[in-house]
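Chemist: Below are the chains, spelled out letter by letter.
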Amino acid sequence: MSDIIQKVKNLSIGFKSKKGEEILILKNISTNIKKGETVGIVGESGSGKSTLALAMMGYVKHGLYTIGGECEFNSSNLLNMKSKDLEKIRGRKIAMIPQNAGQALTPNLKIGYQIDEALQLHSDLNEKEREKKISELLNKVRLPSPETIALRYPHELSGGQQQRVAVAMALAGTPDLLLLDEPTTGLDVTTQAHVLELLNFIAKDTGTSMVYVSHDLGAIAQVSDRIIVMYSGEIVLEGPSRDILKRPIHPYTHGLLKSIPKLSLAGLPESMPGSQPQPGIIQGGCSFFDRCNFSEEKCKNKSPHLEFLKELNTSVRCFNYEKLLKESQINQNVNKIKNNSKDKEILNLSDVSISYAKQKLLDQIFNRISDDNPTVKDININIKKGETIALVGESGSGKSTILKSIAGLLRTKDGLIRFEESRNLSSELKERDPNDLRIIQLIFQNPDESLNPNHTVEEIIAQPLKLYFGLKGEELKKNIIDLLQKVRLGEFYISRYPRQLSGGEKQRVAVARAFAAKPDIILCDEVTSALDVSVQAAVLNLLQQLKEDFGTTYIFVSHDLAVVRAISDRVAVLYQGRLCEVGPSNDVYKFPSHPYTEVLLGAVLEPDPDIKPKLVAEDIVEEKPPEKGCSFQGRCSRIVGDICKKEIPPWQLTDSGNAIRCHIPIKELQKEQI
Amino acid sequence: MLFLIIKRILLGLITLFIVSLITFVGTEILPGDACTTYLERQAFGEQLEACYRRLGLNVPAYERYVSWAVNAIQGDFGYSLSGEMPIKEVLGPRIKNSLVLASAAIFIGIPIALILGIVTALWRDKLPDVAISTVTIFAMTIPEFISATLLILIIAIWLEWLPGIVIVPTDVSFLELLPNIILPVIAIAMIMTAHMARMVRSSVIQVMASEYVQMAILKGVPYWKMVFKHVLPNALLPAINVVALTIAWLLGGVVVTEVVFNYPGLGRLVIESISNRDLPTVQALAIILASIYVSINLLADLMTLMLNPRLKTLQIRK
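Quick mapping for you: the protein sequence lines, in order, are chains W and D.
Under my numbering, the first residue of the first sequence carries the number 1, and numbering increases by one thereafter.
Under my numbering, the first residue of the second sequence carries the number 1, and numbering increases by one thereafter.
Just so you know, not all the hints are guaranteed correct.
What the hints assert, rightly or not - So the derived list for chain D, only partly shown, Cβ under 8 Å to chain W, looks like this:
no., residue
1, Ser-133
2, Ala-209
3, Glu-211
4, Tyr-212
5, Met-215
6, Ala-216
7, Ile-217
8, Lys-219
9, Gly-220
10, Val-221
11, Pro-222
12, Tyr-223
13, His-230
14, Pro-233
15, Asn-234
If you're looking for bench data, these hints aren't it; they were derived computationally from the structure.
Think of the CB as a built atom: it goes at the ideal place given N, C-alpha and C, for glycine as much as any other residue.
Just chain W, with the same shape it has in the complex:
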């Protein structure tokens, strides 16, 4: 079979534990990559997908070693090849596009040099030709003015630009196989869509085979012909992309797809219980047994083999795939969220501006901030008691900045933040009294960093209870256990340290800590971004449940528009620290009227090969908001004229209660949609 470019045979990779046991990261993996095809490898963190991709380049990370099996490229095994020979294959025949280009580019070397290095190694071009080639490559990945980019250092480029440079570098050796390790994770939605489109173009243009590793089924759906699903170091499902996304016959994939929020569905998706077993924990039976909805008695004791089904051209590791075959489609059940908001206003932001400008000496003396063009400007939002309002936008849109100001971590330049119409919260943390602090609590993105690693769960949750309510002894303990139960953690968690918990459990502890203060408002800053998809749905459901029980108000910041769709009652769209559109989620998502909302929603990647992203505007990065006129003028594709550059657009109200800030008349904006 000459059309196979990479052959993985019975590959097992692992490490030795401190006790000397062999712990497997990859368990007996076999698969083939054909010429010209794009294969997606999906899995949660810890499933071994990156290790597999690296092994395909003959690279095994320090600390790991190959236990058995081969990775064959051009009928030679990369895993026992001498480094001299590997150097000739890496970059020339097989190239890698890394996850985090910002960290994968050497900081002290210029972009041009780093691409040149690849050319020197893998081509016979002379200096002049190489120079030309560098420009060509940078052009190919659609970077503006290649000559100047080549002279820059990596840190002088934006995230999207760095990722493009990494693509250019990989293409320098005209490889036959491209390995992509989460190449778009960490990029903005719009940038992500653009990079994926570029990759698709390159795959078609050059006929290169690609292996695309990601946890994001949305991204995988857009690029791959075939999908490999990994769980706990094993392949559990492998087959044509469309079949796997539309009719997954493995319970894990099935559950995963069900737990991903979709743009078209309002409400919270079902969650998958439990979490992936840690490497080294050997279960007698199927590794997915305890999370499976389709399991039987035999699954517990016997582990299934990967079975190839000829008629479906699919391999599956499950005894009960036939049950799933009968389920013709994924029925995504969502729990519609109830809008509990009362008419009572709880938080009001009027004309709030926030500036990061450094105070000059004079400003310090007069205790003021002078900045004509602050990072966040003119924010007017009324938040009602019991509602969930989401702030969305790309990085740099000011959404986290606004949260910080409400929490008192950042001082406002102008404007008022009022709680329940009377209490002024425009002040900084140190000027607020304890009760003002209690009513607003924060949950952060990354529980690894927001929980003190030296405190037990008990100490973490006890802190707000002691501080705000002065609880002691038995009563304190009872309250802590109560809170743990509310976030569905058992009593025995009380003596554990954060490092003994999984990502989802840690975030639950963070949620419990926030609720311990009995707050009126909880600020959620990207609370699910660091979690695996299957855990994300569970945390979202928990937040919703708690909100209904306690009548709390959420201010929810996320870059994931599908998550926002699932949980929020109202959405505020921000660009460059200015509001573009505020309205009920249903309307904003159904009729994205503001040109920027349209861009954002168009770029969302759905785990469905039939829904392609719409790329409306270029993904340029603007460093500063424009001084005059509409904040979105730099990227808008629907500029009406000079007015957009000169005047700040007025608020226009739709019938459904949507407020849009645009110069285009509201009728026309809505007409475009229908």
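Start from chain W and add chain D according to the hints.
Modeler: Only chain D this time, still in chain W's reference frame:
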């Protein structure tokens, strides 16, 4: 950039000012003063008055500080009490002697440390690393006065290869001096080199584990090219500051070693003047040691600034 340099220099000067204040205040509040120490049991009445007048101790403390500081800036630290000669003249040869010792240790120590650090990092967990690391950890943990004494015992007394203490006057020719200072230099350099080698090792290991080095490997960059182009520039940058700190820290090691080897340097002077209650000399020494400390750190900061493209562009943008 220029602004930043000026700012750093100013900060350094402020540090020195504070150090001088602390030493001055410290010597003031200690019970007794130069005259009571000098006159011992005769320290009363007419004689004490006369001594105060002679040394200028009869004016208020702040006035003395100001006049002392003004003179110190011009390099005049007043008179030492014990020798009754200008401190300037006492210090001159001592500084030179210590500099010879310290710079020899630095010029030998830094290259060795770099090589050891890089070798251990690149052969991490293999035989060269295990062997060298064992030795460096050992060398790090033995204090100078023990290693110095051991050196004297083994090399000077048992083997009789080199003199155990410095017996020649320090103004003889370098060749004559050389055999005398080999042992002190080794004693000083040992801890410093071991320390630096460990720092360089961990810094290189950290960079070797970085994503950009992994990327370079996956790009097919040959091993040694990767080491010299991608690893070392990034690994040694943070090491500059560590080296500076180690050099500054070496000053302390010099003091001990000089005493053990009876070497007439700054370090021995510190010990001598403290035991003689020669407060003006102690003050002068404190200022001089502090300025060496401050200027070495300043130099390291400026070097990092010059070499790190990230910091450079940040400054230009601002």
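Chemist: All hints, please: hold or fail.
Modeler: Comparing the hints with the structure gives:
no.	hint	result
1	Ser-133	violated, 17 Å
2	Ala-209	holds, 7 Å
3	Glu-211	holds, 4 Å
4	Tyr-212	holds, 4 Å
5	Met-215	holds, 4 Å
6	Ala-216	holds, 7 Å
7	Ile-217	holds, 7 Å
8	Lys-219	holds, 4 Å
9	Gly-220	holds, 3 Å
10	Val-221	holds, 6 Å
11	Pro-222	holds, 6 Å
12	Tyr-223	holds, 7 Å
13	His-230	holds, 5 Å
14	Pro-233	holds, 5 Å
15	Asn-234	holds, 6 Å
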